[in-house]
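Participant: Sequences are here, hints too, so could you generate the full structure?
Protein chains: 2
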Amino acid sequence: MPAIQNDPATGGDAPLDMSLRLERGGTVSDQVYDALRHAIVTVRVLPGASISENRICRSLGVSRTPVRSAIVRLAEDGLIDVYPQKGSFVAPIRLAAIAESRFIRRVLEVAVVRDAGAVWNATHSAAARAAIAEQARAIAAGESEAFFRADEHFHHIFSLAAGHEGAWAAIVQANSRLGRFHRLFGNKDRLPVVLQEHTGVIDALDAGEVDRAAHRLEDHIDKVFTLIDHLPEDLRRLVEG
Amino acid sequence: MPAIQNDPATGGDAPLDMSLRLERGGTVSDQVYDALRHAIVTVRVLPGASISENRICRSLGVSRTPVRSAIVRLAEDGLIDVYPQKGSFVAPIRLAAIAESRFIRRVLEVAVVRDAGAVWNATHSAAARAAIAEQARAIAAGESEAFFRADEHFHHIFSLAAGHEGAWAAIVQANSRLGRFHRLFGNKDRLPVVLQEHTGVIDALDAGEVDRAAHRLEDHIDKVFTLIDHLPEDLRRLVEG
DNA sequence: CGTCATCCGCTTGTATACTAGTGTCCCGCC
DNA sequence: GGCGGGACACTAGTATACAAGCGGATGACG
Numbered sequence: 001m002p003a004i005q006n007d008p009a010t011g012g013d014a015p016l017d018m019s020l021r022l023e024r025g026g027t028v029s030d031q032v033y034d035a036l037r038h039a040i041v042t043v044r045v046l047p048g049a050s051i052s053e054n055r056i057c058r059s060l061g062v063s064r065t066p067v068r069s070a071i072v073r074l075a076e077d078g079l080i081d082v083y084p085q086k087g088s089f090v091a092p093i094r095l096a097a098i099a100e101s102r103f104i105r106r107v108l109e110v111a112v113v114r115d116a117g118a119v120w121n122a123t124h125s126a127a128a129r130a131a132i133a134e135q136a137r138a139i140a141a142g143e144s145e146a147f148f149r150a151d152e153h154f155h156h157i158f159s160l161a162a163g164h165e166g167a168w169a170a171i172v173q174a175n176s177r178l179g180r181f182h183r184l185f186g187n188k189d190r191l192p193v194v195l196q197e198h199t200g201v202i203d204a205l206d207a208g209e210v211d212r213a214a215h216r217l218e219d220h221i222d223k224v225f226t227l228i229d230h231l232p233e234d235l236r237r238l239v240e241g
Numbered sequence: 242m243p244a245i246q247n248d249p250a251t252g253g254d255a256p257l258d259m260s261l262r263l264e265r266g267g268t269v270s271d272q273v274y275d276a277l278r279h280a281i282v283t284v285r286v287l288p289g290a291s292i293s294e295n296r297i298c299r300s301l302g303v304s305r306t307p308v309r310s311a312i313v314r315l316a317e318d319g320l321i322d323v324y325p326q327k328g329s330f331v332a333p334i335r336l337a338a339i340a341e342s343r344f345i346r347r348v349l350e351v352a353v354v355r356d357a358g359a360v361w362n363a364t365h366s367a368a369a370r371a372a373i374a375e376q377a378r379a380i381a382a383g384e385s386e387a388f389f390r391a392d393e394h395f396h397h398i399f400s401l402a403a404g405h406e407g408a409w410a411a412i413v414q415a416n417s418r419l420g421r422f423h424r425l426f427g428n429k430d431r432l433p434v435v436l437q438e439h440t441g442v443i444d445a446l447d448a449g450e451v452d453r454a455a456h457r458l459e460d461h462i463d464k465v466f467t468l469i470d471h472l473p474e475d476l477r478r479l480v481e482g
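Quick note, the sequences are listed as chains U and V, same order. The working numbering numbers the first residue of the first sequence as 1 and each following residue consecutively. The working numbering numbers the first residue of the second sequence as 242 and each following residue consecutively.
If you are wondering where the hints come from, they were derived from the structure by calculation, not from laboratory data. Remember, it's a predicted structure, so these values are computed and weren't measured experimentally. One thing to keep in mind: the hints can contain errors.
[Claimed, not checked] With beta-carbon atoms standing in for the labels, derived distance ranges:
id : chain 1 : residue 1 : chain 2 : residue 2 : range
1  : V       : Ala-410   : U       : Ala-140   : 44 to 50 Å
2  : U       : Gly-208   : V       : Ala-448   : 33 to 39 Å
3  : U       : Ala-141   : V       : Phe-466   : 44 to 50 Å
[Said to hold, decoys possible] For the chain U half of the interface with chain V, some residues (derived, Cβ under 7 Å), not all of them:
id : residue
4  : Ser-69
5  : Arg-73
6  : Glu-76
7  : Val-107
8  : Ala-167
9  : Ala-170
10 : Asp-203
11 : Ala-207
[As the list claims (entries may be wrong)] Derived, one-sided and incomplete: chain U residues facing chain V with beta-carbon distance under 8 Å:
id : residue
12 : Ser-59
13 : Leu-60
14 : Gly-61
15 : Ser-63
16 : Ala-97
17 : Glu-100
18 : Phe-103
19 : Leu-108
20 : Gly-142
21 : Ser-144
22 : Leu-160
23 : Glu-165
Even glycine gets a Cβ: it sits at the ideal position worked out from N, Cα and C.
Facilitator: Laid out in structure tokens, this is it:
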């Protein structure tokens with residue numbers, strides 16, 4: 001199955017099939033939601049791409065109703081902008097929104113990791129290091145999506161340890177915007193550095209030095225923003241601001 | 242028009258009209274969403290109340306489609322739980338979720354107010370004190386909804402000053418859960434104290450003492466949780482956990 | 001050749017009909 | 001009287017048809 005993709009040179013609004021496939025059970029609406037969300041977050045469909053309800057429901061062989069339902073939810077998530085009577089489009093990556101998402105994530109995660117430090121034990125440490133190992137494997141294998149999945153898993157461990165599932169939900173929501181930014185502008189050379197930073201946080205936690213862990217995590221998340229200074233010119237038009 | 246309300250003694254799932262009215266323009270779906278959300282957050286419909294699509298669309302004189310769209314969005318907000326083929330119900334107030342919302346709000350608002358302190362000026366101060374004055378007026382007039390509205394406005398000022406609109410959106414989302422808790426279990430005797438705490442934060446900001454302002458705000462938000470220790474027995478069953 | 005009006009196709013929004021599943025209530029049976 | 005089964009009302013999920021509005025293309029007119 002060829003991964004037909006919107007041509008970046010046209011601004012990404014070419015009316016092409018986005019090779020969506022419905023996977024698991026559940027309602028059709030949920031399946032469409034998952035498929036669309038995954039396609040957007042992994043930038044298989046680029047910011048600005050046209051999301052036509054008719055095209056999608058034809059492409060998936062379902063009616064407009066569940067597709068509309070999924071789009072409503074994605075609009076609520078801020079991943080799709082709906083312009084009545086004109087069209088729906090994958091939300092652009094706004095630099096202001098990226099800055100806010102980074103702020104939210106940094107503040108919440110630092111607070112979470114401080115709480116996690118109070119109950120940190122060997123089990124948590126082992127889980128975190130396993131996630132780091134998976135990231136290393138993904139880098140070696142060149143599986144970028146596996147890397148991002150393991151990255152999310154790594155960061156989730158702090159929330160799990162601290163019992164802050166609600167905060168994790170908020171972090172994930174902020175991350176859905178950051179995720180697209182990472183995948184578009186992430187530098188492969190930095191991936192090993194990410195692993196070092198992750199390891200540094202866990203080392204500090206294992207040593208019981210919560211403050212140091214918090215500062216390292218803060219620096220780690222802040223580093224994301226250095227990407228903005230080095231936006232490749234050919235991708236710069238995919239962001240606003 | 243009598244404000245027919247679900248009977249608390251029955252668990253709130255009496256199939257009664259909830260006196261919804263559509264106000265302003267925009268799409269019908271948006272109007273239904275606003276009306277339902279307002280009714281839920283202000284606990285005019287209690288946690289556990291049945292949300293029947295058919296009943297609502299009959300009551301409002303619209304079709305099921307926009308009602309469904311609104312319910313999907315509210316479910317995404319965590320205010321409604323949808324059980325396929327069984328029914329949709331106003332989400333219960335889960336103590337765990339309240340704790341998480343408080344955590345999120347405290348962490349985010351403290352970080353925001355620190356940034357706001359860096360740019361704090363007389364205009365911000367005047368706006369904040371105006372909001373406090375409005376709260377005092379609302380207390381004197383016994384207009385509880387006006388009080389809550391002014392309270393939200395007060396807290397919004399920090400985000401506006403610091404330019405953290407995204408963080409404010411996250412705060413509002415967490416607050417939609419806390420809001421119901423406040424309205425159900427809030428103690429009227431504490432309202433004047435709230436005003437004092439608000440004034441204390443602004444005083445500290447005006448004096449340029451950002452740390453003190455942050456600590457006062459943190460204490461202020463944490464005080465919410467003292468309500469949990471004094472849940473009236475007759476309302477206790479409205480919460481989970 | 002330029003400009004304006006009209007038409008047509010596309011979009012999302014809304015209304016209605018149908019499907020599949022669940023829980024209840026009532027009636028018949030034991 | 002107690003228990004079991006089936007009809008029935010109700011739920012949300014899905015499909016389809018219609019309405020309203022925007023925009024571009026097209027063709028006539030100046």
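Participant: Hint by hint, say whether it matches the structure.
Facilitator: We went through each hint and held it up to the structure:
no.: 1; hint: V:Ala-410 with U:Ala-140: 44 to 50 Å; in the structure: violated (39 Å)
no.: 2; hint: U:Gly-208 with V:Ala-448: 33 to 39 Å; in the structure: holds (37 Å)
no.: 3; hint: U:Ala-141 with V:Phe-466: 44 to 50 Å; in the structure: holds (47 Å)
no.: 4; hint: Ser-69; in the structure: holds (5 Å)
no.: 5; hint: Arg-73; in the structure: holds (5 Å)
no.: 6; hint: Glu-76; in the structure: holds (5 Å)
no.: 7; hint: Val-107; in the structure: holds (4 Å)
no.: 8; hint: Ala-167; in the structure: holds (6 Å)
no.: 9; hint: Ala-170; in the structure: holds (6 Å)
no.: 10; hint: Asp-203; in the structure: violated (25 Å)
no.: 11; hint: Ala-207; in the structure: violated (24 Å)
no.: 12; hint: Ser-59; in the structure: violated (21 Å)
no.: 13; hint: Leu-60; in the structure: violated (18 Å)
no.: 14; hint: Gly-61; in the structure: violated (21 Å)
no.: 15; hint: Ser-63; in the structure: violated (12 Å)
no.: 16; hint: Ala-97; in the structure: holds (6 Å)
no.: 17; hint: Glu-100; in the structure: holds (3 Å)
no.: 18; hint: Phe-103; in the structure: holds (6 Å)
no.: 19; hint: Leu-108; in the structure: holds (6 Å)
no.: 20; hint: Gly-142; in the structure: violated (33 Å)
no.: 21; hint: Ser-144; in the structure: violated (26 Å)
no.: 22; hint: Leu-160; in the structure: violated (13 Å)
no.: 23; hint: Glu-165; in the structure: holds (7 Å)
In summary, the numbered hints that this structure violates are 1, 10, 11, 12, 13, 14, 15, 20, 21, 22.
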